[in-house]
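**Student:** This is what each chain is made of:
2 protein chains.
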Amino acid sequence: MTAGNSSKAAVREVLDKALAEGRQALTGPEGKQVCDAYGIPAPAEGLATSVDDVATLVREIGTPVAMKIVSPDILHKTEAGGVIVGVDSEAAAKDAYETIVGNARKYDASAAITGVQVQQMVSGGHEVIIGAVTDPTFGKVVAFGLGGVLVEVLKDVTFRMAPLDHNEAKSMVDGIKAAEVLQGARGAEPADREALADVIQRVSALVTDFPEIGEFDLNPVFASADGARAADIRILLDSEGATERERPSEEEILGVMQRMMNPRSVAVVGASSEEGKIGNSVMKNLHNGGYAGEIYPINPKATEILGYQAYSSISDVPGDIDVAVFTVPAKFVAPAIAECGAKGVATAVLIPSGFAETGNVELQEEVVETAKQHGVRLLGPNIYGYYYTPQNLCATFCTPYDVRGGVALTSQSGGIGMAILGYSRTTKMGVSAIVGLGNKSDIDEDDLLTYFEQDDNTQAVAMHLEDLKDGKAFVETAKRMTKKKPVVVLKAGRTDLGARAASSHTGALAGDDKVYDDVLRQAGVIRAPGLSDMLDYARGLPLLPTPKGENVVIITGAGGSGVLLSDACVEAGLSLMDIPADLDTEFRKHIPPFGAAGNPVDITGGEPPSTYEATIRLGLEDPRIHALILGYWHTIVTPPMVFAEVTARVVNEARAKGIDKPVVASLAGDTEVEQASDYLFENRIVAYPYTTERPVAVLGAKYRWARSAGLL
Amino acid sequence: MTAGNSSKAAVREVLDKALAEGRQALTGPEGKQVCDAYGIPAPAEGLATSVDDVATLVREIGTPVAMKIVSPDILHKTEAGGVIVGVDSEAAAKDAYETIVGNARKYDASAAITGVQVQQMVSGGHEVIIGAVTDPTFGKVVAFGLGGVLVEVLKDVTFRMAPLDHNEAKSMVDGIKAAEVLQGARGAEPADREALADVIQRVSALVTDFPEIGEFDLNPVFASADGARAADIRILLDSEGATERERPSEEEILGVMQRMMNPRSVAVVGASSEEGKIGNSVMKNLHNGGYAGEIYPINPKATEILGYQAYSSISDVPGDIDVAVFTVPAKFVAPAIAECGAKGVATAVLIPSGFAETGNVELQEEVVETAKQHGVRLLGPNIYGYYYTPQNLCATFCTPYDVRGGVALTSQSGGIGMAILGYSRTTKMGVSAIVGLGNKSDIDEDDLLTYFEQDDNTQAVAMHLEDLKDGKAFVETAKRMTKKKPVVVLKAGRTDLGARAASSHTGALAGDDKVYDDVLRQAGVIRAPGLSDMLDYARGLPLLPTPKGENVVIITGAGGSGVLLSDACVEAGLSLMDIPADLDTEFRKHIPPFGAAGNPVDITGGEPPSTYEATIRLGLEDPRIHALILGYWHTIVTPPMVFAEVTARVVNEARAKGIDKPVVASLAGDTEVEQASDYLFENRIVAYPYTTERPVAVLGAKYRWARSAGLL
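One line per chain: the protein sequences are Y and S, in this order.
Under my numbering, the residues of the first sequence are numbered 1 to 712, in order.
Under my numbering, the residues of the second sequence are numbered 1 to 712, in order.
To be clear, the hints were calculated from the coordinates, so they are not data collected in a lab.
Please note: incorrect hints may appear among the correct ones.
As a list, the in silico DMTMM-like pairs of lysine to aspartate or glutamate whose alpha-carbon atoms are at most 25 Å apart [as the list claims (entries may be wrong)]: (1) K428/Y x E453/Y; (2) K177/S x E453/Y; (3) K155/Y x E180/S; (4) K155/S x D192/Y; (5) K177/S x D192/Y; (6) K177/Y x D209/Y; (7) K155/Y x E339/S.
Input sequences plus hints: build the corresponding full structure.
**Tutor:** Now the structure itself:
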């Protein structure tokens with residue numbers, strides 16, 4: 001929704017006046033004017049300067065009313081006897097007027113009395129809160145929650161980044177934990193949720209149009225079946241307003257990212273022949289990783305490094321340079337960046353530390369400023385570098401990695417980057433990219449998302465982050481991206497304690513986690529609860545096809561696993577299909593009479609491979625089933641690798657016929673189940689030994705993404 | 001608290017009268033009598049049969065009062081115009097009396113009118129609910145929650161098994177999510193929580209003394225700063241009462257368990273020389289596992305099996321038999337059980353399936369009956385058997401396992417048993433026992449806990465269970481046990497969906513999960529959220545010493561890991577120590593100037609082994625620190641195995657000096673961190689690669705146990 005020019009002008013006038021008078025808080029009548037301009041239902045009210053005015057107003061507004069002294073000289077109205085609430089007749093209102101004015105005079109004989117505000121008293125229905133604040137990360141953020149002490153204690157409130165559309169506003173009303181209350185649970189009066197969503201959307205429009213509104217509170221709003229009406233308005237101005245970050249266009253970002261990920265040439269500033277030096281490790285990794293473009297070692301003291309001709313400076317290199325990887329100490333970076341600019345280098349990859357993370361903020365700012373002046377984009381500083389497997393590119397001082405696959409991973413921290421690398425290697429996870437972001441002095445998550453969105457080598461993205469430099473840009477990019485490909489985010493500093501640690505580490509002001517949580521969901525991002533989960537999702541998501549519906553079926557050889565898998569399904573937000581009678585009959589044909597059909601389908605433990613085969617095939621071929629969870633139990637009759645081979649064969653046969661459903665498996669058994677799990681993974685079946693939770697969590701993440709992308 | 005004989009007699013009289021009249025519901029006055037007898041604060045009330053009575057009662061009770069017709073012939077009092085509430089003066093009460101009696105006569109001229117109940121109207125403070133129900137698993141269970149639609153929707157209610165002491169009752173009042181509200185959060189009136197706990201305890205005593213009270217509701221109870229007063233009472237009788245399960249004494253249980261775990265001799269009923277038969281596998285495992293006692297194969301068709309002399313029946317065996325492992329088909333079990341009884345066998349281990357789990361309930365009941373008659377206890381049926389490593393005893397058809405250690409594991413399901421075995425083998429987890437419980441026709445978790453409690457080979461217990469046959473016995477045993485050793489429970493069927501699956505699998509009526517959750521906590525049990533967690537806790541808990549206080553310190557080489565470890569601490573309920581200034585100074589001596597002391601102590605990534613060593617030593621030697629979490633980051637300067645060796649050495653040196661604190665570690669790096677983690681585990685340091693959550697979760701579990709055992 002957008003406000004007309006006259007609405008905007010009306011608000012502008014109110015705000016300008018208040019700002020001109022140096023006031024941060026709007027008065028009650030001003031708040032009312034602002035709300036009226038944007039169609040936000042505020043209580044009717046007016047200013048009375050005589051008992052006759054009072055009578056007129058009460059006839060207009062109806063009873064009950066609240067009456068309050070209006071005087072620039074009386075700040076504490078209640079103390080001055082200047083507030084009377086619950087006035088329920090014209091006569092009583094006239095009396096109240098006299099009383100209030102009399103009290104005010106007694107309280108301060110010299111006070112200038114503007115009059116008495118007569119305000120409609122709103123009540124009935126549910127008390128809710130609708131508000132907006134300026135979040136350091138995401139800018140204008142609207143909030144919705146139920147009012148009252150209980151909910152304040154239970155913190156049942158939800159946030160979205162503004163501006164938002166009606167569906168997003170509706171998702172707030174339906175997204176709080178106690179949403180059922182507003183839907184009329186347990187005999188409560190149902191609220192008009194459309195009306196609430198409408199108010200939220202109007203508040204969102206208002207604060208978007210007027211960034212100088214720092215805080216906006218409607219508290220309480222009375223929500224009944226008839227509509228929603230605010231009983232009190234509080235508007236605080238933030239004269240500084242919000243500054244929008246300067247951002248390159250999408251085309252510019254893509255141009256740079258294309259050259260960074262697919263460089264025709266890479267220079268290594270500080271390349272070295274000396275074993276153990278970072279400039280040596282990077283050279284070796286570029287070479288050993290199999291990168292096919294030009295490699296230019298830059299070192300004034302060398303003529304040749306690892307068989308490549310060395311140059312004393314960037315400007316001496318004869319050809320074009322797409323990427324310059326810096327391995328020199330921090331203090332030598334800025335001058336070389338200027339040279340990069342002259343040479344037309346797209347991206348400088350700053351491995352060195354010794355910048356903002358060690359308190360050397362000035363040096364980092366100098367480098368950033370230099371880069372901006374010379375049109376060079378920066379990755380880092382304080383990073384391990386980056387990998388892009390489709391180009392065999394290992395621009396890093398860590399060891400090479402070459403297993404190609406569909407997931408791109410990024411990390412803000414080097415330690416987490418190393419964990420990604422180790423996990424990738426041990427699980428043979430196929431990756432397209434691993435990128436260190438470090439201090440994020442320039443290139444950040446939204447630049448990378450912009451590239452991965454259109455990169456056919458990447459089917460999913462997993463990002464570890466501690467903060468977002470530009471939350472709005474991230475959300476905009478992620479919203480678009482997540483419609484096509486899943487994005488997993490591990491947001492570190494989830495908790496107050498964590499956030500404190502984040503700020504001591506990066507100097508970044510870690511946002512309030514609840515805001516992050518809600519806004520990331522608004523962006524369609526799958527949030528991983530921990531590092532293990534992020535890695536599991538990264539490994540599994542690109543392998544699983546997108547499910548076509550919500551019907552999940554568990555087929556298990558171990559009844560005990562079936563129960564735990566069911567638990568895990570609820571935990572992961574998956575819906576166990578209610579198996580129709582005819583399908584139940586079909587399953588029963590394959591399982592022993594004491595096995596349980598229904599869901600889980602319990603084929604029982606002693607069954608041969610043919611029972612697994614028949615039931616899995618049925619699960620794949622029946623179009624009403626959309627995803628399968630397998631529970632395997634190690635027996636002599638069906639050993640682990642036999643199960644794995646049968647399962648992979650049946651799944652692959654179905655795929656050959658065009659049936660590709662997500663299949664995940666939990667393997668319970670002796671250590672041979674580890675090899676069996678690996679084999680299943682190689683066949684695009686997400687399988688883990690000794691756990692019922694992990695495979696189901698990955699399927700749950702795929703479903704969360706598919707739902708938010710509107711694919712289900 | 002216990003009620004006196006006269007109180008009991010008063011209640012007995014009321015209940016007997018109602019039961020004699022065939023009523024399930026007590027009347028209002030009866031409810032009042034019951035409450036009065038147990039000191040449960042019910043509203044004052046009395047029966048008026050004249051306007052004079054009314055006047056007297058109102059003077060006694062005070063206003064306002066509620067007045068209700070009392071007539072055995074009028075069921076729908078409100079419909080009959082027989083209820084007037086909010087009567088606020090003596091005069092109004094007299095009028096109300098006439099009105100009510102008049103209305104009743106108009107409504108049903110033939111109705112016998114006993115009189116009019118005049119009841120104190122209670123209000124003010126917070127509305128809470130106190131109640132009791134009969135749970136199928138735990139028997140009498142008391143409930144406490146906040147009243148109102150919101151809490152009904154948010155399901156903020158807590159349960160405990162009755163009877164309970166004052167501390168347990170207090171833990172209910174303080175244990176609901178919205179507990180702060182009762183403590184006076186955000187300007188709310190604080191409630192008298194002692195008074196609430198007192199009411200809970202009295203309700204607990206009442207339902208314990210009178211099992212025939214099936215449901216008991218005080219709803220609402222008004223809890224204010226002055227006390228707690230019920231406004232309405234509802235008591236429903238369950239004429240069937242509850243039947244207590246017959247249970248052997250602790251000495252009897254221990255006697256049998258001692259013989260089962262440390263048998264001098266084991267007979268294998270159905271032993272076989274034929275490869276692939278269960279009776280052959282069990283023989284091999286007993287032999288190859290290294291069991292040193294007598295092994296008696298029972299097989300009428302053999303003279304010798306695997307070098308052991310075979311006997312045609314149990315009765316033919318010359319020596320005593322402690323354990324008879326059954327590997328014959330289900331139908332042959334019962335007769336052989338009788339023989340076992342005659343022979344004095346302590347326990348029959350029933351591997352065969354084909355009993356209740358396949359619907360063959362009668363056969364199982366027959367076996368149980370036979371066993372009871374002949375004084376033989378049963379393990380199973382439908383199990384893989386059991387292991388007890390201190391005796392090299394592998395009485396199972398699975399493969400042998402011999403890594404001795406401090407944890408005993410049990411599983412209700414064979415599949416989960418196999419997962420336990422595989423996980424144990426791959427992690428070299430030291431175990432004392434692995435026991436299959438299967439259908440739990442006789443021996444169950446509390447029998448095993450009774451043994452493990454006094455077993456010096458067992459330092460911790462981890463149990464997978466789908467139901468409890470006797471919740472009371474379990475809680476009693478676990479309460480005692482968990483004061484000494486941690487007990488981890490993975491309760492499958494956590495969710496409605498899961499519970500449905502449980503009941504289709506075992507025929508067991510899975511209890512409501514919220515009741516399980518609260519009562520398990522009441523028993524001091526650590527509940528594992530999933531199978532992976534149970535296995536991690538089982539592996540780690542026996543290795544970690546009991547912490548002596550709440551001060552946890554993170555020492556990390558990777559700032560990024562530090563943030564995630566902090567998050568994990570909050571998740572696990574751990575408290576990051578506020579580092580005192582002098583200690584901060586000490587830490588700073590060892591770390592680079594840009595490293596962050598505070599907590600996490602961030603030693604930064606490029607540091608040599610000596611920095612890890614110095615900071616870890618400081619963390620161990622300062623008595624104000626109680627536990628350490630280490631975050632390792634793989635670098636060339638401090639490779640994984642170097643970190644592992646340094647850490648193990650420092651920790652072992654401290655142990656040699658009598659300082660033994662829990663130390664856990666998260667290792668971020670390339671695959672060498674896997675070997676380093678294993679090495680740390682061998683040195684009693686709980687360490688995992690590629691995850692920040694798992695090591696912290698294990699430490700959190702240790703703390704949860706230590707707190708509930710009163711050790712902190």
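**Student:** Each hint should be assessed against the structure and marked as holding or not.
**Tutor:** Here is what the structure says about each hint:
no.: 1; hint: K428/Y x E453/Y; verdict: holds (24 Å)
no.: 2; hint: K177/S x E453/Y; verdict: violated (42 Å)
no.: 3; hint: K155/Y x E180/S; verdict: holds (12 Å)
no.: 4; hint: K155/S x D192/Y; verdict: holds (24 Å)
no.: 5; hint: K177/S x D192/Y; verdict: violated (28 Å)
no.: 6; hint: K177/Y x D209/Y; verdict: violated (30 Å)
no.: 7; hint: K155/Y x E339/S; verdict: violated (65 Å)
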